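Enquirer: Each chain, letter by letter, is given below.
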Amino acid sequence: MSVAVMTAKPAPEFRAGGTDLSERRRSGVSQGMLIDISGSGNKAITWDADGAAQIGALTTIATIATDARIAAAYPGIGASAQGLATPQVRQVATLGGNLAQRSRCWYFRRADIDCLKKGGSTCPARSGNHLYGVAFDLGPCVAPHPSTMAAALLAYDATIATNRRSGLSITDLLGDGSVSHADHTLAEGEMIKSIALPAPLERERASYKRAVSRTYAEWPLVELCARVVIAGGKFQLVRLAAGGVAPVPLRLTAVEVQLSGKIANAASIAEAAKAASWGAKPLPMTAYKLDLLQGLVRDVLERLSDELTT
Amino acid sequence: MTTTTINGRPLVLPDDPDALLIDVIRDGGLTGTKLVCGSGVCGACTVLLDGTPVVSCLLPAQAAADKSLTTIEGVGAAGLHPVQNAFMAHDALQCGFCTPGFVVEATAFHDSWRATKGAATPSREEIAAALSGHLCRCGAYEGIYRAVAEACSGRFDGNDPIAPRLEARDKVTGLARYTVDIHHDGQLEGVILRAHVAHARITGLDLAPARAIAGVAAVVPLLDDDNMVRFVGAPIAAVAAKDRRTALKAIAAISFKPEPLPAVIGLDAARRDDAPVVFEKKDRKRAGNVSEGAGGAPVSWKGNVRGPSAPFSQKAKQAKSWLDEARQQRNPLLVEETFRVSTQQHASLEPHAAVARFDGDQLTVHISTQAIHESMEKIAKRYGLPHDKVRVIADHVGGGFGSKGSVGLETIAAIELARAAKAPVRVAFDREEELSVAGYRPAAELKLSLLPSAEGRLKALSLTAHADTGAAVNSLIAGLARLIYPAEAKELVDFDVLSNLPPGAPFRGPGGPPMSFALEQAVDEAALRMKVDPIQLRKRWDTDPNRQRLYDWAAGLDVWKNRKPAASQTGRYRRGVGVATGYWLYLWQTGSSVELAVKGGRIVASCAVQDIGTGTRSVIANTVAKAFDLEPQDVEVRIGRSNLPPGPGSGGSRVTASVVPPTLLAIDKLKTEIKRTASRTPAPGSNAPWREMIAASPDIAVSARRQEDGKPPPGVRPALHEAGIMGRVFGWVLRLMNHMVVGAGVPSSVQVMEVEVDTWLGHVRVLNAYTGLAIGKLAAPTLARSQAAGAVIQGIGYALYETRETDPLSGHILSGSMEDYRIPGIADMPKLDVHFDEAGFEHVPGGSVGIGEVATVPTSPAIANAIRDAIGVRLTEIPFRPDRLVAALKGRDAA
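Those sequence lines, one after another, are chains A and B.
Residue numbers for the first sequence, in UniProt numbering: 1 to 310.
Residue numbers for the second sequence, in UniProt numbering: 1 to 895.
Okay, chain A solo, but in the shape it has when bound (with noise of 0.2 Å):
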């Protein structure tokens, strides 16, 4: 049941594990010309001496979710890519295709549906159905970014390598929710590599959660990566980067700055968690994940701080 309204001269894209691309090749969607490269990329996770790490664009979700070193130095990398899809899917998906993988909206994957990131003037959603939409109406496209590993890597300050660029960060490689017409500023041709990973500091933990209906295997309403060093008790990091929120993945300086320094206990962060709405803008059909993105955050830094202060 598809014919395609194409706006936009069709881009070629490569394809990595193809998880994304074949859906929407099948649909129409997507209709230029493939250039493969699941066989040639680096699919490697490497370590320098200080425990930072290197890791290859090819690199499977599966591997990262299972590999014991990334578990133990960057715990919120492991646990998103353990929660993200599905298992069979995780086999195949790469680091690299799930930065680069296109929106969810349903209005853009419809062949039959004119969109601003198919090239169009308007977004439907945003005059329609925009009940998985953002919380923060950064941009003309009202779909929040889809990928749950960018939120992590915005977690740990990664950078990301591309055949033309290198030293990107997350905001460098998928911009600022502004601009609509693409879901990352990737130029034609340009491809990412590999993702470095600072060196974890000491004493560092990680957790990652969503919120969903069903219990597996569905997009995330809200997702939220947490990275905390608790020291005496007190809060001396607190790094939160939230997806599902915004077109890109966002990170929640308010509780960060509030949390800075004091008790982690209950009251503290069920006080700060209040501030994660700070700069929202909700449609008119997304509030409700306001709420749950301060239910996330409660619930993700009480475990960690439960863990480290017991």
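Do not take every clue at face value.
[Unchecked claim] Below, simulated DSS-like cross-link-like pairs (lysine-lysine); rule was C-alpha separation at most 27 Å, straight line:
(1) B:302 to B:282
(2) B:539 to B:777
(3) B:249 to A:9
(4) B:671 to B:711
(5) B:315 to B:447
(6) B:671 to A:118
(7) B:381 to B:422
(8) A:43 to B:67
(9) B:257 to A:9
(10) B:890 to A:281
(11) A:193 to B:67
(12) A:274 to B:302
[Claimed, not checked] Here are a few chain B residues that sit away from chain A, every Cβ distance over 12 Å (derived from the structure):
(13) 276
(14) 277
(15) 733
(16) 759
(17) 805
(18) 815
(19) 879
What the hints contain is simulated information worked out from the structure, not anything from laboratory work.
Model, not experiment: these values are computed from the prediction.
Glycine included, every Cβ here is placed at the ideal spot set by N, Cα and C.
Using the hints provided, position chain B relative to the given structure of chain A.
Expert: Chain B alone, transformed into the frame defined by chain A:
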């Protein structure tokens, strides 16, 4: 040239970079691997790539280059895997369409588990995580948990178990062939061109450009003779071509001019006075039908609103005036609430599909259908063919749930394309078609007022339902409230609200779950206000003898007796327990016939009935085996062909009650005939006299038609008798028009649900489900339990997750993929306790009635009542998604 190894054999892979692995596998004849979602979320296409489970629907074919592939056909090739044995023994399957994917994944999990953990038993959580990439619509999860746990613990190493489901082996090995798997020589693929606007007149339809494309064999128009399309996805034309890609190219080449007309989308917009009208008066007969039966009395129709239809009201004016009076007096016992239920898609894993072929004037159609015999009759009538020139076949059907009860567009398109192309044609809906234009349970708004008397009796009830039926009519929701909880007066009014959305269709207990969702919450609310135990209030108000026994069972459950009051809970996680009641009609189909024969020393039972996962084969085999002291596997059951004796459709839960009685008659006849023709009697003291006599018998055959029931005991009446004269009229119409009889006694279910609500993340989890069922004697006990479990999980989906999303302006269905239409997964299955009360149907020959529908009716209100118990807030709109929970907890309206 690149190659792969598939089940040990080399296979050349296509160079086309867009070729997907699933197509390579299936085109090569290995049809055990199923295409369902096409988006990697359901796992039906799972295969092993170098031993690792992957979804072949997303994997480029080239990714298998120089690797080793194992499909379901390769899993059990050298003797069944312990997982396959365990799936058979624990009935971890129903329709079987998802089964190959589950089995492939579970064997990989089993093998790695055994390699590291020996014979330890994995936990439910470990199994759920491992199988989280699979979905089963029948809801076989309970059996799957048991099967995987016990296979891992080594209980099924090497043994060949007895399967309670007759065809289980074919389903766990991938050999069961469904309509989508049929492939004739020279078969073409058919694709339907559909409208992309919600309302338009089509002019200038030009099929010639499609016909001109190489590889296109036929193009036929499908527009109705008024040339109108009234919903996005309405059919315009169909193409048959050498492959799907060519057919898609051809439908894109068809040209036409849509003259757009104003459209209106959904229940609220369509009720406005200035709403564009979907069906003008002259076109009203073109609307679809959302009920199982024929239409009742003529109903008024204004704009898009068809109704009021209130044949089952009882002293409606009296009810109104009492309720008005109670409102004025601010009677604290008066319960008034507006409830909303959502659209539920059937989401059968096998899509609507048909394969048609003509051999001279003989038409053979494989159809994924719930009604073999009736489909044959209707096709014969439509195309003016004698019955013996039409053969309908459905050996296995991958789910239906009500959506495959009539001759659908897939069948018509396949037949017309096959005739035009002079070649066999397959038409199989893609997932988006299946989740948008293949029918659904309509959403509805239900306004309810319920008034107990000062003495604590039920005095008056008013229920008005507006159903969101799309381009269809005939919803019956409110009227069903007549047949439960007798009151002094009832005002029960149904409306259809038509709009430019695809037509609704019957779905498992049509109207039952929505009615129960409203009424059972109102009864619960009345109990709270009257400070009476909700089960005891139901015992007082509900006179049905079957449910009286079920209430006693429910009241005795520890989970009910140990409930905590809601006010005592203030933490993040809150638990609650809720109860609800449901009923369905006991129906059987007149003329249902069964033939029993001895052929080559073996009993063969034949009936033109189908098995949509409900266990028809086993019901017949068990009945015959019991009478002759045989094992069910000793009986050959032939179904799924229209040239067998006429059988019932799989709708209205009527199969068991239609086929068991004539089978019993035929058994008596066959016994007489075997004895009469026996050349010698069995040795005195033989342990298996019938087995010996059957083995020695010449080939003989007898047949029997469904007899009338016996006289029911006093007080046991057909449910419709509760509805006075209109109930009897409705019963006569059903018998005359639909060959369905409403028998005495009411199949009933009482369910108790325990939930946990996460008040931070708005998440509801059903922890424990208790379902009590009175459906008479169990013809196939293990399979009845599977049905009960499946009905509960489908009800959980209805209550918590499932909803169709539409664009309110264009009328596009946005939830057309399995990612976006959310059916429950294995981890969402609660622990389940099933209680069968086998009394109440002794007047039915065999004592068995159907289970499919009644078992899902009370699930959503039981969950709603449990949530009310947990958080002290009553949610009135399903699904109870996180957005609605957090809004309710904050006293805010949800979007």
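Enquirer: Taking the hints in turn, state whether each one holds.
Expert: Hint-by-hint comparison with the structure:
Only pairs whose Cα atoms come within 27 Å are accepted, and residue 302 of chain B paired with residue 282 of chain B is accepted, the gap being roughly 13 Å. Restraint check for residue 539 of chain B and residue 777 of chain B: satisfied, since their Cα atoms lie roughly 23 Å apart, inside the 27 Å limit. About 19 Å separates the Cα atoms of residue 249 of chain B and residue 9 of chain A, which keeps this hinted pair within 27 Å; it holds. Proposed proximity of residue 671 of chain B and residue 711 of chain B is supported: the alpha carbons are some 26 Å apart, at most 27 Å.
Under the criterion of a C-alpha separation no larger than 27 Å, the hint pairing residue 315 of chain B with residue 447 of chain B is consistent with the structure, at around 18 Å. A C-alpha spacing of about 71 Å is found between residue 671 of chain B and residue 118 of chain A, which places the hinted pair above 27 Å, so the restraint is violated. With a C-alpha separation of about 21 Å, the suggested pairing of residue 381 of chain B with residue 422 of chain B holds against the 27 Å cut-off. For the suggested pair residue 43 of chain A and residue 67 of chain B, the alpha carbons sit about 18 Å apart, so the restraint of at most 27 Å is met.
Our distance criterion of 27 Å between C-alpha atoms is met by residue 257 of chain B and residue 9 of chain A, whose separation comes to about 25 Å. Taking the CA atoms of residue 890 of chain B and residue 281 of chain A, the gap is near 19 Å; set against the 27 Å cutoff, the hint holds. The hinted pair formed by residue 193 of chain A and residue 67 of chain B meets the criterion: a straight-line CA distance of about 25 Å does not exceed 27 Å. The suggested pairing of residue 274 of chain A with residue 302 of chain B is violated, with an alpha-carbon distance near 50 Å, which exceeds 27 Å.
Non-interface call for residue 276 of chain B relative to chain A: holds, since the shortest CB-CB distance, roughly 18 Å, exceeds 12 Å. For residue 277 of chain B, the condition that its CB be more than 12 Å from all CB atoms of chain A holds, with the nearest at approximately 23 Å. Once the 12 Å rule is applied to beta carbons, residue 733 of chain B is consistent with being away from chain A; the minimum gap is 37 Å. Once the 12 Å rule is applied to beta carbons, residue 759 of chain B is inconsistent with being away from chain A; the minimum gap is 8 Å.
Not every beta carbon of chain A lies more than 12 Å from that of residue 805 of chain B, the smallest distance being close to 6 Å; the non-interface claim is violated. With a cut of 12 Å on Cβ distances, residue 815 of chain B falls inside the contact zone with chain A, its closest approach being about 7 Å. A beta-carbon of chain A comes within 12 Å of the beta-carbon of residue 879 of chain B; the shortest separation is about 8 Å.
The structure fails hints 6, 12, 16, 17, 18 and 19 (numbered hints given earlier, in ascending order).
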